[in-house]
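Visitor: Please arrange chain B on chain A, whose structure you already have, making use of the hints.
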Amino acid sequence: MNDFSAPITDVPVVDVLSAEKIFANGFRGLAPIDLSIQRGAFVSLIGPSGCGKSTLLKLIANLIEPSDGRVQWWRGDFSKVGQAGRQLAFVFQDPTLMPWARVENNVRLPLDFAGVDKAAARTRVEAALEQVELTQAARRYPRQLSGGMRMRVSIARALVTDPDLLLMDEPFGALDEFTRNRLDEDLARLSWERGLTSVFVTHSIYEAVFLSSHIIVMAAAPGRVFAEFSVDEPRPRGEEFRASARFAALCRDLSALLSDASFASRG
Amino acid sequence: MMRPLMDREWFAPVVAPLVVGTLLLGLWQFCCREFQIPIYLFPAPSDIAQSLLENWPDLLHALGSTLKITFAAFALATTLGVATAFLFIQSRWIEMSLLPYAVLLQVTPIVAVAPLIIILVKNTPLALTACATVIALFPIISNTTIGLRSVDPGLLAYFRMNKVGRAQTLWRLRVPSALPFFMAGLRISSGLALIGAVVAEFVAGTGGRSAGLAYEILQSGFQLDIPRMFAALLLITVTGVVLFGLMVGLDRLLLGHWHDSAAKTER
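The listed protein sequences derive, respectively, from chains A and B. No gaps in the numbering here: position 55 of the first sequence is 55 in the working numbering, and each next residue is one more. No gaps in the numbering here: position 223 of the second sequence is 223 in the working numbering, and each next residue is one more.
What the hints contain is simulated information worked out from the structure, not anything from laboratory work. Incorrect hints may have been included.
Claimed, not checked - In the BS3-like style, the derived pairs of lysine-lysine whose C-alpha atoms are separated by at most 30 Å in a straight line are:
no., chain 1, residue 1, chain 2, residue 2
1, B, 122, B, 68
2, A, 118, A, 80
3, A, 118, B, 163
4, A, 80, B, 122
All values derive from a computational prediction rather than experimental measurement.
If we strip away everything but chain A, and leave its shape as in the complex, we get (with noise of 0.2 Å):
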């Protein structure tokens, strides 16, 4: 047995059942998709444009509705979510913050949504900025920070609501290499502190075999799971990690998939 499977229990957070999406101008966004998500695990969804990630993201959301088949959260429907250990964030691409409002009020907002008690509200918020590393931060506005540190702002937003479900979508793709590496790293010691599901979007192999315990290979015309890639490397990872010939290797053989999928995706 691998270190990484063990807090990954049987208990499924997102099944996805023959969900498929034909959005309103006819375009087949994804075929029928089977996909099981297990508590602990990290998934990663790549592959290439057009493949029907960021829709597959948004299903698993509940940001759109498939147009056939279904998607469980916790075994029961998307009502439920929201209840105690059945909490859901989501990191956009763009950090999407409030440009008029401080960070910390940035970060509070998912809780002055729940009603949240001021005195509780604070004590998450800075324990949230605290793991981003933004304690210093705390009083600024979003104009005056750096888009690596904006994108922090954003996952502690995403972190204060304590979630059990972290879903991403490409969240440092605008970023330059070392800061999304230096992200990465952080992304991945919260993960797996806080024992998070997370699903993740990205299109960076390194990226994907760096975090992921899970990769989902996807190909387009239409969108499609192609292959599932499992990266049996023991959590937490760190900078040994991504300076190993496993990595390289894995790295290599992740590449040859996604070549194989984009192959496929000329229909």
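Guide: Chain B in isolation, oriented as in the chain A frame:
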């Protein structure tokens, strides 16, 4: 160590226009005296200053009267404009049904409508206020409506995902997003309220206790008291500049810390 005066941040924007103004006034004074231009044709700055001092009580009273109309109209336009904008964003149908009439109000020259309003409304200050309000209203409506609709789609998606209700979305998201647009509308509108007040006074030609600066200009014209005419004109201009300055100050106060339009760029 004291920094040289020239390096100070405020120095150039304050001193440069002052130098230009002083030079122009000097040239004006010099030309009037040198070519012995009659005072009833074109008074020198010194004549205007003298007239301003001599007629100060009358002019001050007129200024107060015009200011009252201006501020009443500005307040009314702001209230009505914001209320209309909130109404517009409730549904596209309401906006589609009412917007043409708002445009109608905007494109009809106030000089043409003013006599009608003055005939219809018996109370003169009320009639004047109504005219000025009509002129100042449109920028508030259009800017606030655009502002309330100009919400970051990412943030809107975030609010939707958190199942945030309409009312909370309005005051937590739409109102702050609209603020920069509203402030721009306010800036235009403050100037228009003054113009509206003066134009309405011209049309009404009201004398007596509610005589404003426009009446002073009209009377001075009849009496060929040109320096006094200029003095009244000067007061209108100064009022306009002060209003503009107030709006800029309010802008800085409300937006300075977060919006690019008002915030200082660090060099």
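Visitor: Among the hints numbered above, which are violated by the structure, and what are their numbers in rising order?
Guide: Hint 4 contradicted; others consistent.
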